[in-house]
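Protein sequences appear in the order of chains A and B.
For the first sequence, the numbering used here begins at 79 and goes up steadily by one.
For the second sequence, the numbering used here begins at 50 and goes up steadily by one.
No wet-lab data here; the hints were simulated from the structure.
Keep in mind that this is a model prediction, so the values were computed, not measured.
Heads up, the beta-carbon is just placed ideally off N, CA and C, and yes, glycines get one too.
Take these hints with a grain of salt, some might be off.
If we take Cβ atoms under 7 Å as the criterion, some of the chain B residues that face chain A in the derived model are [unchecked claim]: (1) Tyr174; (2) Ile264; (3) Tyr275.
Subject to a maximum C-alpha distance of 25 Å in a straight line, what follows is the list of computed DSS-like cross-link-like pairs (lysine-lysine) [claimed, not checked]: (4) A/Lys234 with B/Lys231; (5) B/Lys63 with A/Lys176; (6) B/Lys192 with B/Lys231.
Each pair of labels, with its calculated beta carbon distance range [unchecked claim]: (7) B/Lys231 with A/Gly82: 40 to 48 Å; (8) B/Ile249 with A/Gln280: 36 to 44 Å; (9) B/Asn92 with A/Thr91: 56 to 64 Å; (10) B/Ala163 with A/Leu366: 25 to 33 Å; (11) B/Leu72 with A/Lys125: 52 to 60 Å; (12) B/Met165 with A/Leu219: 47 to 55 Å; (13) B/Val79 with A/Gln284: 33 to 41 Å.
Given next are the chains, with one letter for each unit.
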Amino acid sequence: MKKGHRRTGFVATCIVPATLLFIVFMIIPTFNVFKMSLYKWGGYSNKKKFVGLDNFQKLLGDTKFLQSFQNTLLLIVIVTVITMSMALIFAAILSREKIRGQNIFRVVFYIPNILSVVIISAIFSAIYDANNGMLNSLLSLFGKGDNPVYWLGDQKIVIFSLAGAMVWQAIGYYMVMYMASMASVPETLYESSALDGATRLQQFFQITLPLIWTNIRTTLTFFIISSINLSFLFVKAMTSGGPDGSTEVFLSYMYKQAYTNSSYGYGMAVGVVVFVFSFGLSAIVNLLTKREPIDL
Amino acid sequence: MKEQKNGKSFSLYKVFVYAILILLAVSIIVPVCWVFMASLKQNSEFYGNPWSLPASFYLQNFVDAWTKARMGEYMLNSVITTALALGLLLVIALPAAYVLSRFQFHGRKIINVAFMAGLFINVNYIVVPIFLMFVDGNLFLKKIGLPPFLLNNIFVLAVVYAATALPFTIYLLSGYFVTLPKDFEEAAYMDGASYSRTMIQIIFPMAKPSIITVILFNFLSFWNEYIIAMTLLADPKGGKTLPVGLMNLMKAQNAAAQYGQMYAGLVMVMLPTLILYICVQKKLTQGMTLGGLKG
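Using the sequences provided together with the hints, build the complete structure.
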């Protein structure tokens with residue numbers, strides 16, 4: 079009996095602090111996001127008025143929100159497609175070919191992932207600078223120096239400049255991930271297919287990709303969710319949504335409404351939409367990429 | 050190596066492969082090195098060819114950043130916040146992960162599910178509600194005659210960091226603890242060791258590789274974090290962490306054109322993570338596959 083008491087006491091001491099912190103700083107705030115989205119609530123005054131789904135209705139007619147929706151979608155598509163395919167190609171090269179300095183390449187490609195997004199934003203601001211930037215000075219070598227490109231100032235270009243920075247940041251991480259899963263593909267498969275005269279390209283599409291498909295699916299789902307978050311970090315540090323809303327994304331718009339503009343209720347309604355959207359999109363992608371698992 | 054000697058296999062394809070590998074490597078190394086170079090330039094050197102080498106090692110940038118731009122103070126704040134958050138996280142997450150993965154008790158399943166669900170809650174969504182909670186908390190503290198300490202406080206920031214890192218950390222540690230055979234504990238209990246002693250002296254030392262992975266990943270995320278820090282350290286004149294201070298400097302930079310200081314600040318944020326990375330890069334990339342994905 080005494081032992082049972084001691085056991086309960088031990089379990090409780092171990093579990094209570096973590097659970098408490100988790101409830102206070104994650105569960106309750108998450109719950110509050112949903113609750114606040116149903117209220118009209120502005121500023122530090124405690125005037126909260128229950129308005130039901132009014133905030134959501136207002137969202138549908140908010141052109142700025144729709145623009146942030148469009149920007150987010152565009153970023154997700156471009157960044158996901160480029161990052162995933164490049165990460166896969168580089169992983170395949172580094173794990174399948176005999177490359178000198180293979181380890182050095184792997185170490186270098188991973189560097190962007192350990193840098194703060196603030197740093198990456200500063201680096202890319204220096205790269206994209208219209209007058210003394212690295213990119214424009216490179217372009218001027220090819221005789222395009224007369225009219226500089228405004229990478230961060232031109233509304234049509236800026237979203238692609240942002241995508242460039244995001245791809246730069248993410249490739250290495252996913253490459254290392256795919257290299258790990260490619261290492262588990264048995265070497266004999268490649269050997270026997272080589273005897274049958276399969277080219278490298280055929281091996282890539284018919285052996286490597288199908289065998290690591292489960293891994294690709296999971297990373298894809300996570301990548302979409304993390305792109306929504308990362309695009310916010312980049313926008314916050316690099317463009318602040320400008321020029322004129324052309325890089326506003328979901329979460330930066332939410333933050334602007336809720337924190338800067340103090341329209342808490344409205345901002346949280348944006349949050350709810352983004353939350354639901356990201357889960358919905360992941361579910362769709364998950365469904366679309368479903369294949370019969372391959373057993374060896 | 051042998052293959053290359055017969056000449057033919059070193060084909061156009063190989064050249065192409067090396068070319069794109071080197072191109073990507075250069076596109077990563079050059080901008081990073083450029084920042085180091087820029088941190089040694091005088092302000093006037095920033096108007097002109099970006100590729101020119103610094104005229105001299107203008108170390109005054111670092112002195113200015115350290116004192117005038119308050120980067121020294123911010124650095125200290127960042128070190129304290131990161132260290133405290135890491136310490137707190139380990140003290141809280143280790144026992145919780147251990148108990149959750151190795152003891153049967155009522156409510157275990159629901160707590161496990163809750164922490165798993167927590168993996169999908171990104172702090173960017175909940176940072177404003179946390180901020181508002183602290184605003185309310187401060188009002189309450191004032192009412193009962195205590196100093197309102199919840200905002201603009203790096204210790205509170207550290208607690209929030211630790212709390213929001215719990216799901217990922219517990220997930221990663223539990224993944225290791227469940228793989229251990231029961232024999233270790235049974236032997237320890239036979240020898241009369243208490244539960245806590247068994248946990249601290251037998252189990253935790255065995256989990257060292259996982260613990261190191263946890264420390265590495267969370268160090269990077271705490272050190273580089275700026276959305277929570279920016280929101281909770283709201284006082285424009287008050288203390289900040291290094292990335293937040295740097296972001297302000299980037300924005301002030303447009304007006305005051307103090308590039309040198311800004312790049313010196315960048316080096317200060319970047320250098321600790323780069324040094325750490327060089328020391329432990331193998332552990333980090335191995336740990337990544339061990340821990341699965343981060344959100």
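Each hint, compared with the structure:
1. Interface restraint check for B/Tyr174: the shortest CB-CB distance to chain A comes to about 5 Å, inside 7 Å, so the restraint holds.
2. Annotation: B/Ile264 was flagged as interfacial toward chain A, and the flag is violated, the nearest CB pair being 14 Å apart, outside 7 Å.
3. Taking 7 Å as the C-beta contact cut-off toward chain A, the hint placing B/Tyr275 at the interface holds, the least distance being around 6 Å.
4. A distance of roughly 61 Å separates the Cα atoms of A/Lys234 and B/Lys231; the hinted pair therefore is violated under the 25 Å criterion.
5. The hinted pair formed by B/Lys63 and A/Lys176 meets the criterion: a straight-line CA distance of about 9 Å does not exceed 25 Å.
6. Taking the CA atoms of B/Lys192 and B/Lys231, the gap is near 52 Å; set against the 25 Å cutoff, the hint is violated.
7. Distance hint check for B/Lys231 and A/Gly82: the Cβ-Cβ separation is about 19 Å, which falls outside the suggested range of 40 to 48 Å.
8. Distance hint check for B/Ile249 and A/Gln280: the Cβ-Cβ separation is about 55 Å, which falls outside the suggested range of 36 to 44 Å.
9. One distance hint, 56 to 64 Å for the beta-carbon pair B/Asn92 and A/Thr91, holds here, with the actual separation near 57 Å.
10. Taken as a hint, the range 25 to 33 Å holds for the pair B/Ala163 and A/Leu366, whose Cβ atoms sit roughly 29 Å apart.
11. Under the hint 52 to 60 Å, the C-beta atoms of B/Leu72 and A/Lys125, about 58 Å apart, fit the expected range.
12. Checking the proposed 47 to 55 Å range against B/Met165 and A/Leu219 shows it holds: the Cβ atoms sit about 53 Å from each other.
13. Roughly 37 Å separates the CB atoms of B/Val79 and A/Gln284, a value that falls within the hinted 33 to 41 Å.
Of the hints listed earlier, those the structure fails to meet are numbers 2, 4, 6, 7, 8, in rising order.
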